[in-house]
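Quick note, the sequences are listed as chains A and B, same order.
Residue 183 is where the first sequence starts when you use the working numbering, and the numbers rise one by one after that.
Residue 7 is where the second sequence starts when you use the working numbering, and the numbers rise one by one after that.
Among the clues, some could well be false.
Claimed, not checked - Computed cross-link-like contacts, SDA-like style, restricted to lysine to any residue with a CA-CA straight-line distance of at most 25 Å:
| id | chain 1 | residue 1 | chain 2 | residue 2 |
| --- | --- | --- | --- | --- |
| 1 | B | 261 | A | 206 |
| 2 | B | 247 | A | 206 |
| 3 | B | 349 | A | 382 |
| 4 | B | 225 | A | 228 |
| 5 | B | 225 | A | 517 |
| 6 | B | 243 | A | 217 |
| 7 | B | 228 | A | 517 |
| 8 | B | 247 | B | 236 |
| 9 | B | 243 | A | 206 |
| 10 | B | 247 | B | 349 |
| 11 | B | 261 | A | 208 |
| 12 | B | 243 | A | 208 |
| 13 | B | 222 | B | 243 |
| 14 | B | 247 | A | 200 |
| 15 | B | 243 | A | 219 |
| 16 | B | 243 | A | 273 |
| 17 | B | 247 | A | 199 |
| 18 | B | 225 | A | 551 |
| 19 | B | 247 | A | 215 |
| 20 | B | 243 | A | 218 |
| 21 | B | 247 | A | 228 |
These are computed hints drawn from the structure, not numbers from a lab.
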Amino acid sequence: MPNTIEQGARPTSGPRWRRALGLARSLTTPLRPDDYLALLDARWSDRELVGTVSRVIDETPSARTIVVEPSAPWPGHRPGQYLRLGVELNGVRHWRAYSITSDPGHPAGQVSITVQRVEGGLVSPYLTEQCQPGDRLFLGDVDGNFCLPDGPAPGSMLMITAGCGITPVMSMLRELERRDALLDIVHVHVSQKASGFIFAGMLRALSDADNGYHLIERHSAEQGRLHHGELDTLVPDWRTRTTYLSGPSLMMAEFEQYWADQGDSALLNTEQFQPYIGLGHDGGSEGGHIGFRVSGLEAEAESGVSILVAGERVGAQLPHGCRMGICHSCIGRLQSGQVRDLRTGEVHGEAGQAVRTCVNAPVGNIEIEL
Amino acid sequence: MQQHTGPTTAVIPPTIAGGSGGPGHDPADPTSTNPLHRLTPAQIESIGLAFQEIHDEVHADLGARDTRYIRNLVVFERRLAAVSRAVLMASRYPPAWLIGTLGLSAAKVIENMELGHNILHGQWDWMNDPQIHSSTWDWDNVSTAAGWKHSHNVIHHTYTNIIGKDKDVGYEVMRVSPKQKWEPRFIAQPVVNLILMAFFEWGVALHDLDFEAIEKGTKDPKVLKAELRAIGRKARKQMVKDYILFPALSGRYWKRTLAANFTANIVRNVWANAVIFCGHFPDQAYTFTEDEVAGETRGAWYVRQLLGAVNIEGSDTFHLMSGNLSYQIEHHLFPDMPSSRYKEIAPRVKAICEEYGLPYNTGPFLKQWLMVQRTIMRLAFPGGGEREKAPPYVAPPEVEPEPLVVSGVNGPIPAFP
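Please model the complete structure; the sequences and the hints are all you need to start from.
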C-alpha cells in the first residue's frame, strides 16, 4: 500500500552508514535504528529531512526570507525550483510550496525561501511573523521546471516578474552572478509600491554596478499595471531574448498570449508554481454529491469545490498535503462517478481510479474510498 | 483506510418493512430487554446527534497538547524498550532478568495497545505527521498493519457485536454469545481459550485472513498466499529479533535472554487478550442479530456501539496499559478520537446514558475477566441463556465532603489559621 501522507525528503547519507543501519534494523524491527538514535539527538533521525531556521530577514513589511540549515547535506536544487515546506502549527503539520531564493552553491549549505504573507492564510502568517531562528521546519521534495537550463546560460535574457513572483528569479540571478554569467539580462519587475519590492536593495545595487544586469522597476500603484504593448519601448529586442516570466496568473496569461502572437513561444519560460485552480476551461456550473465510503460521510460540492474541501466541510478527516495537485498525498480511489480536474477542466474518472481529491471536483454523484 | 467514525451498516439489506427509521424489533426475541427496542426513532436520532456533538467538539479542539502526549509516549516506550533490552544483556543475574523482563513486557504492551492499536485506528492522523500516522505505522506484532486495519477498523468496528458479521465475536473459534449456534467443536473451547490467551497475536493475525471466506472458497487464493507470506515475513523478523539476535548479544547466557523475551511476548499476549475480551464479552454486553440492525440509522449505530461495549474500572496507569481500551464504550463510539481524550468525555457519555435510560456497562477488571471465563466455560456446551444486563445508568449521588472535625475545635479547621 502506498503511503498516503506527505513526508519530508529522505536525507542523503553515505552507503556505509546505510549498510550499518540496515544490519542494525534486524534488532529494531519494525522500527529503524535511527528511531532509537533520535531519542538521543533528534538530528540523528534518518526518516525525514529537517531544517533548522538559522536566520530570518524581513524583506518588506509583508515578506520575509527564512534561511534554513538542513539536517543532512542539501541534496541540491536547480535555480528557480520550489521546495515543499512542512510547518507544524498547533500540533498539525501543514505543507506548502515556496520558491527557493538561494542558489544551489551556498557555501554553508544553507537554503532560503522568501515568503509573502497571504491575508487570512495559515502558514504564511506564521512564517512571516512568528518564525524565529531555532524553529524546526520539514523539508520536502524540490520540484519545478521553471529554472535555468543545465549547461551554459542563454546569451541574452529577459526576466519579467511581479510581486512575489520575483522569488524563483532571485535564485537564478544569484546562480548566474556566482557563475559570473550575468552577461546581458534585462529585468522588468512590477511591485505595487517601492516599499513592497522584495530584494530591492540587492537588485538595485546589482543593476547600478552595470555589469550585464539591468533592472527596470515599475510601481503599479503610481504608474499603473504593466501592459504587454509597453515591452517594445522598455525592451525593444524582447522577441529574441530567452524570457522568464513569473507573476499573477492573469498577467501570465496575457503575456503568454502576446508571445504566441508576436514573439517566439519557445523562448518563453513561465512559472507554473501556482496552478490556477478555478472552474477549468469549460467553466461548467455543475457540482455534485460525494459519498465517502470509508467514513460514511456524505457531502455536497457546488461548482468548482474540490472533493477535499467539500469533505472537510462536513468534518471528514481526509489525507492531504499540498492541496494543489503535486504531492499525491490526498489520493482516494474512485468507486463510481466522474470528476473534473479543476486545473484543466477535463472530466475523467472510472471505477478504481486513484484521484487527487484536492484538485478534482465531482461531476454529479460520486463515491470515493476515503 | 484513514479513519472511520462509524459508517451506517447500509450494506445489510433492510428486511423489515419501513425499517429505516429504527432497528427492527422482533417480539419473539428473548433479548427484547435490549434498550435499543424501546427507544423511538426520534430518541435514537437525538442520541446520535448528542454523541456526534461530543465527537465534533473534541476534534475541533485537538492540538499541541494532544501532540505532546503521543510524542512523549512514543519516546517513553522506546526508551523503556531500549533500557530493558540493555538490562537483559546481564540476564545471568536474576534481578536483572526480572527487571528487564518486566520493563520489556510493559514496553511491548504500550507499543501494541496505546500506540499501535490507536495509531493504526487513525486516531492521530489529524496531526498529518508521517511518523505517527495510520498509513505509515507498523507494530511489534505478527499481524500486518494492513491486514489488521481491515479486519479490525472496518469489519469489527462497523459490525460490532452483530452475530455472523462481527468476526471478533469469539474470533470464529469460540462461542461467547448464546446467540451463536452451538457446534460440537466448541466443546474444546476451554483449551482453545488458553492457547489463544498465550498466543493472542498469532490468533489475531490468522483471524485477519478471514476463515469464513477461506472455507467458503470466496477468498482469492493468490490474495491468501500473499497475506500468509506477509504474516510469515513479519513473524520471521520478530522471531529473529527476540529469539536469535538479542539472546546472542547476551553471549553464554543466551538462554536466559531468550526466556525473558518469550515471557515478555506471552505477558503481552495474555494481557491484550484479557483487556480485549473484557471489552465485549462480559455479561453486560449486548449482541445483535442482523435483523435487529437492518436499516440502521446513524443514531442506532451509536446506540449499538454503546450497548455492545464494556468499560473496565481502574487507575490512570491501568488505562494507559490497556491502551485506554478500558474506555471501550468511548472507543467504540469514537474509534478515531485520540485515546487520551476518552477519560475526559466519559462523564458526558454517562450523562447521555442517564438522560435516555441507557446502561453504561462497566466493572472492575477481575470481576469482568472472571465473568468472561465463566461464559467461555458455559457456552462450550449447548444452550446457555443471556445473563442479566446492567440497569439504566444513574449517576451516583454527589457526596458532600464531610468537614473534618477535630475534637476540641469548634467547626471545620480553617485552611489558614
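Against the structure, the hints come out as follows:
1. At roughly 21 Å between alpha-carbon atoms, residue 261 of chain B and residue 206 of chain A fall within 25 Å of each other, so this suggested pair holds.
2. Under the criterion of a C-alpha separation no larger than 25 Å, the hint pairing residue 247 of chain B with residue 206 of chain A is consistent with the structure, at around 10 Å.
3. At roughly 56 Å between alpha-carbon atoms, residue 349 of chain B and residue 382 of chain A are farther apart than 25 Å, so this suggested pair is violated.
4. Straight-line distance between C-alpha atoms of residue 225 of chain B and residue 228 of chain A comes to about 39 Å, which puts the hinted pair past the 25 Å bound.
5. For a cut-off of 25 Å, the pair hint linking residue 225 of chain B to residue 517 of chain A stands: about 21 Å separates their Cα positions.
6. A distance of roughly 17 Å separates the Cα atoms of residue 243 of chain B and residue 217 of chain A; the hinted pair therefore holds under the 25 Å criterion.
7. Distance restraint check for residue 228 of chain B and residue 517 of chain A: the Cα-Cα separation of roughly 23 Å lies within the 25 Å cut-off, and the hinted pair is therefore satisfied.
8. Taking the CA atoms of residue 247 of chain B and residue 236 of chain B, the gap is near 17 Å; set against the 25 Å cutoff, the hint holds.
9. Distance hint between residue 243 of chain B and residue 206 of chain A is fulfilled; the C-alpha atoms sit about 12 Å from each other, no more than 25 Å.
10. Among the hinted pairs, residue 247 of chain B with residue 349 of chain B is inconsistent with the structure: their alpha-carbon atoms are about 36 Å apart, more than 25 Å.
11. Pair hint residue 261 of chain B plus residue 208 of chain A holds up; C-alpha atoms about 19 Å apart against a cutoff of 25 Å.
12. A C-alpha spacing of about 7 Å is found between residue 243 of chain B and residue 208 of chain A, which places the hinted pair at or below 25 Å, so the restraint holds.
13. At most 25 Å may separate the alpha-carbon atoms for a hinted pair to count; residue 222 of chain B and residue 243 of chain B exceed this at roughly 32 Å.
14. Annotation: proposed proximity of residue 247 of chain B to residue 200 of chain A holds, straight-line Cα distance about 19 Å (limit 25 Å).
15. Distance restraint check for residue 243 of chain B and residue 219 of chain A: the Cα-Cα separation of roughly 20 Å lies within the 25 Å cut-off, and the hinted pair is therefore satisfied.
16. Between residue 243 of chain B and residue 273 of chain A, the direct Cα distance comes to roughly 33 Å. Violation of the 25 Å bound is thereby established for this hinted pair.
17. Proximity of residue 247 of chain B to residue 199 of chain A is assessed by CA-CA distance (about 21 Å); at most 25 Å being required, the pair is judged to hold.
18. In summary, the hint linking residue 225 of chain B to residue 551 of chain A is supported, as the alpha carbons are separated by about 21 Å, within the 25 Å threshold.
19. Restraint check for residue 247 of chain B and residue 215 of chain A: the C-alpha separation of about 13 Å stays at or below 25 Å, so the hint holds.
20. Distance check on the hinted pair: residue 243 of chain B and residue 218 of chain A sit about 18 Å apart at the alpha-carbon level, within 25 Å; holds.
21. Our distance criterion of 25 Å between C-alpha atoms is met by residue 247 of chain B and residue 228 of chain A, whose separation comes to about 21 Å.
The structure fails to meet hints 3, 4, 10, 13 and 16 from the earlier list, while all remaining hints are met.
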